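Engineer: Read off the chains here:
There are 2 protein chains.
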Amino acid sequence: MVSPHEYARSQQPAFLEQLKELIRIPSVSTNPENAGDVRRAAEWLAADMRRIGMDVEIVDTPGHPIVYGEWLGAGPDKPTVLIYGHYDVQPAERETGWDTDPFEPVIKDGKLYARGSSDDKGQMFAQLKAVESLLLSDAKSPVNIKFLAEGEEEVSSLHLGEFVTANRERLKADVCVISDSGILAKDQPSIVYSLRGLTYMELHVQGPDKDLHSGGFGGGVHNPAQALCELIAALHNPDGSIAVPGFYDDVLPLSAQEREEIKKTDWTEEEWLRITGVPQVWGEAGYSLRERIGARPTLEVNGLLSGFTGEGAKTVLPAKAMAKISCRLVANQSPQRIYELVRDYIAQITPPTVRSEVRLLHTGEPALVDLNSPAIQLAITAYEKGWGKTPVFVREGGSIPIVADFQRELGLPVILMGFGLDTDGAHGPNEHFDIEMYYRGIDTAIYFLQEAAKL
Amino acid sequence: MVSPHEYARSQQPAFLEQLKELIRIPSVSTNPENAGDVRRAAEWLAADMRRIGMDVEIVDTPGHPIVYGEWLGAGPDKPTVLIYGHYDVQPAERETGWDTDPFEPVIKDGKLYARGSSDDKGQMFAQLKAVESLLLSDAKSPVNIKFLAEGEEEVSSLHLGEFVTANRERLKADVCVISDSGILAKDQPSIVYSLRGLTYMELHVQGPDKDLHSGGFGGGVHNPAQALCELIAALHNPDGSIAVPGFYDDVLPLSAQEREEIKKTDWTEEEWLRITGVPQVWGEAGYSLRERIGARPTLEVNGLLSGFTGEGAKTVLPAKAMAKISCRLVANQSPQRIYELVRDYIAQITPPTVRSEVRLLHTGEPALVDLNSPAIQLAITAYEKGWGKTPVFVREGGSIPIVADFQRELGLPVILMGFGLDTDGAHGPNEHFDIEMYYRGIDTAIYFLQEAAKL
Numbered sequence: 065m066v067s068p069h070e071y072a073r074s075q076q077p078a079f080l081e082q083l084k085e086l087i088r089i090p091s092v093s094t095n096p097e098n099a100g101d102v103r104r105a106a107e108w109l110a111a112d113m114r115r116i117g118m119d120v121e122i123v124d125t126p127g128h129p130i131v132y133g134e135w136l137g138a139g140p141d142k143p144t145v146l147i148y149g150h151y152d153v154q155p156a157e158r159e160t161g162w163d164t165d166p167f168e169p170v171i172k173d174g175k176l177y178a179r180g181s182s183d184d185k186g187q188m189f190a191q192l193k194a195v196e197s198l199l200l201s202d203a204k205s206p207v208n209i210k211f212l213a214e215g216e217e218e219v220s221s222l223h224l225g226e227f228v229t230a231n232r233e234r235l236k237a238d239v240c241v242i243s244d245s246g247i248l249a250k251d252q253p254s255i256v257y258s259l260r261g262l263t264y265m266e267l268h269v270q271g272p273d274k275d276l277h278s279g280g281f282g283g284g285v286h287n288p289a290q291a292l293c294e295l296i297a298a299l300h301n302p303d304g305s306i307a308v309p310g311f312y313d314d315v316l317p318l319s320a321q322e323r324e325e326i327k328k329t330d331w332t333e334e335e336w337l338r339i340t341g342v343p344q345v346w347g348e349a350g351y352s353l354r355e356r357i358g359a360r361p362t363l364e365v366n367g368l369l370s371g372f373t374g375e376g377a378k379t380v381l382p383a384k385a386m387a388k389i390s391c392r393l394v395a396n397q398s399p400q401r402i403y404e405l406v407r408d409y410i411a412q413i414t415p416p417t418v419r420s421e422v423r424l425l426h427t428g429e430p431a432l433v434d435l436n437s438p439a440i441q442l443a444i445t446a447y448e449k450g451w452g453k454t455p456v457f458v459r460e461g462g463s464i465p466i467v468a469d470f471q472r473e474l475g476l477p478v479i480l481m482g483f484g485l486d487t488d489g490a491h492g493p494n495e496h497f498d499i500e501m502y503y504r505g506i507d508t509a510i511y512f513l514q515e516a517a518k519l
Numbered sequence: 065m066v067s068p069h070e071y072a073r074s075q076q077p078a079f080l081e082q083l084k085e086l087i088r089i090p091s092v093s094t095n096p097e098n099a100g101d102v103r104r105a106a107e108w109l110a111a112d113m114r115r116i117g118m119d120v121e122i123v124d125t126p127g128h129p130i131v132y133g134e135w136l137g138a139g140p141d142k143p144t145v146l147i148y149g150h151y152d153v154q155p156a157e158r159e160t161g162w163d164t165d166p167f168e169p170v171i172k173d174g175k176l177y178a179r180g181s182s183d184d185k186g187q188m189f190a191q192l193k194a195v196e197s198l199l200l201s202d203a204k205s206p207v208n209i210k211f212l213a214e215g216e217e218e219v220s221s222l223h224l225g226e227f228v229t230a231n232r233e234r235l236k237a238d239v240c241v242i243s244d245s246g247i248l249a250k251d252q253p254s255i256v257y258s259l260r261g262l263t264y265m266e267l268h269v270q271g272p273d274k275d276l277h278s279g280g281f282g283g284g285v286h287n288p289a290q291a292l293c294e295l296i297a298a299l300h301n302p303d304g305s306i307a308v309p310g311f312y313d314d315v316l317p318l319s320a321q322e323r324e325e326i327k328k329t330d331w332t333e334e335e336w337l338r339i340t341g342v343p344q345v346w347g348e349a350g351y352s353l354r355e356r357i358g359a360r361p362t363l364e365v366n367g368l369l370s371g372f373t374g375e376g377a378k379t380v381l382p383a384k385a386m387a388k389i390s391c392r393l394v395a396n397q398s399p400q401r402i403y404e405l406v407r408d409y410i411a412q413i414t415p416p417t418v419r420s421e422v423r424l425l426h427t428g429e430p431a432l433v434d435l436n437s438p439a440i441q442l443a444i445t446a447y448e449k450g451w452g453k454t455p456v457f458v459r460e461g462g463s464i465p466i467v468a469d470f471q472r473e474l475g476l477p478v479i480l481m482g483f484g485l486d487t488d489g490a491h492g493p494n495e496h497f498d499i500e501m502y503y504r505g506i507d508t509a510i511y512f513l514q515e516a517a518k519l
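Sequences listed follow chains E and D, in order.
Add 64 to a position in the first sequence, counting from 1, and you land on the number used in our numbering.
Add 64 to a position in the second sequence, counting from 1, and you land on the number used in our numbering.
Treat the hints as calculated values from the structure; they're not laboratory data.
Please note: incorrect hints may appear among the correct ones.
What the hints assert, rightly or not - If you only want the chain E side, here are some residues facing chain D, beta carbon under 8 angstroms, derived:
id, residue
1, Phe167
2, Ile171
3, Thr332
4, Arg338
5, Val342
6, Gly347
7, Gly350
8, Arg356
9, Ser390
10, Gln400
11, Tyr403
To be verified - Rough simulated footprint, nothing fancy, chain D against chain E, three-plus residues with beta-carbon under 8 angstroms:
id, stretch
12, 275 to 281
13, 374 to 380
These numbers were taken from a predicted model, which means no experiment stands behind them.
Each residue gets a CB set at the ideal place from its N, CA and C atoms; glycine is no exception.
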């Protein structure tokens, strides 16, 4: 008799090689030129699911495909676990600070360096390898398994919501588990119970109808790059809060008890400076760091572009300037409403000397997880067995827009069972995943599926 | 007997083809990858000078070469005219709004479209073709000619100053003429008597030591793109003046008489909106448009770059942000002093939550031309003959840094004999040169060389 955990341990080298194979496919969902790679990753994943005995369908969407696999061998009287993950990744240009090729995984100090190693190929794959360990060991799985992997999470799950709504029956389950978040520290597992939503916009400022000579026209034309900066500078107040009228209207106040709870997992200023490399902490006055990240909405500039940005000097007065701006939102805020507030405020403060436009790129709903669901207790037990330590509960600053859909459309408790670390560098250069976390994640996910039989 | 003007008219088609050949060489001085092209343009120009009988030397510098040609056949008792121009051009990326390949000249509605067609290959070449018309017609030239063409004007004449200082004797002349500016209108020639100087800088802001996930860190880190915008927004006052302390200290006030004179050549608001395409005029309160462009210093953002600027969305919190910033300066201002003032002000207003640095890229001195020199009268006569109309005097917003060097080092009167138009699109997309202006320019330059015999 080979147990699932014995199987998983014996297969560790294979599990690592397989993950590296998946990572080598540059499935960057936001780049149109990578569309073929995203499909290739979907097909690779589908083949791996079929190999372990799942029924698999690659579902086409107007964007990137959804991979859906199921194994219902436990029988209709047994609980069903819906596992969600994504096989698409953020862009990764070597010149943005990567020490090695982002799509050629390299192992250094026990960590696997590559785009997607943590977010989310590595974490999703830990779940799939747990499923494999149950299905291919002698034990088999005590629960039915539905595995949903999408290729558009990094572009705000553009078409997954429709799929979920249209497939309510098919996706019916007793609990949903997602490994696409971080734990507090290598020796301190944690369960995320709050996710921020997202409103992603582009701000365009147009001045003259074409680029002009800065000598011949400078001084008589409102420079659109300057005007863009003036608009962006007006989006925050000196105390770090957001100046857009109505921005905080729907934010639920934190209770004293919740603030006490959050305090337990806060960073010290020293930790924060070490993790981020900034010279001094910044943020909304009156809130701790963990509150700023997890419990308060933000407005960030993700990109700026105007005029000449190459080496050397070009004395151009640019015709236009552009900023990518995104807001992270907390429970009870509406992404669409926030877009409208920002759009209207920008329109109101744009001077008559330039033209401006705020375009909505995409949105994602914020989510809060019910800490009283029985499924949460199973997750606690799984971490205790897999990690040897009781997890704590934290609010996460990031967004997994589909969580709100699962809650609303499927009426499911959602467990955010992260295996990553804040320091993994998700979305930045030199993203990595601790290989020990990968293996512990597989163990913990096996325990969770076994525990889920009690539901 | 073929007169110089007859020669010039008979050669018009050839003069146009030759200019197109020179334009096809993409001699973009600021791009290191075009260094070979810049040299090729120098060699092409040197060959053309040799063909018409000049003694030519290609002078190497640590940057791009200087082409120096002379014809001293008029004899030591005759006046000498020093002609200056530049064969390097601004960058021109097709995707910045060009309708056609910037380095493949196209003729539309009597205009030659290509980078450098006006600034300065076209205007410089009009001077050289005037020299050719004198040397190769039966008349010969009544004055000695020294022709200095540099390949670094668009990067602030990095090495020309040294060459001028080291070659004071060799460059000795009675007058210097430069065709690298505009005239008021096609039917109204003008002579520029004031040029702005330049201080070109890069402002760098660094936040975290690497790009971060905007969800995991946004709200606890001062976003460097936002901080950059806040710094740039603080560089101007609400009345359009520059907020850098001391910026205007050395600016000479305009006399009432000068303001009256400037008023004669001012743009109407309607003209300005039509030329630039902006929705409303902007600028320093208390000054007319022509004063803002020609008589007041400015501070312009020439470029902005931070974070993700591709298609779609990337929720990155950028590690750094950069702006290209340049100041146009007026007579009596010191470019180095202005750099120091901007640098110190930025250092003073940079919050402790980010790090900033202002780097000086290059400088150029402002210049005022003495309107009482006898050479100015010759230029007036040349325009009257070439254009059939008396030129007016104007202040130009652009910079020709070497003018101050010629004045100081060689003690020469400098005549800015422009043939371009404000609407030529110098430094922007779809730069063009009216072919009629090219031919009239050649005629006028011939008249000037003939008039110069009277010096």
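Engineer: Which numbered hints does this structure break?
Structural biologist: The structure breaks hints 1, 2, 3, 4, 7, 10 and 11; every other hint is satisfied.
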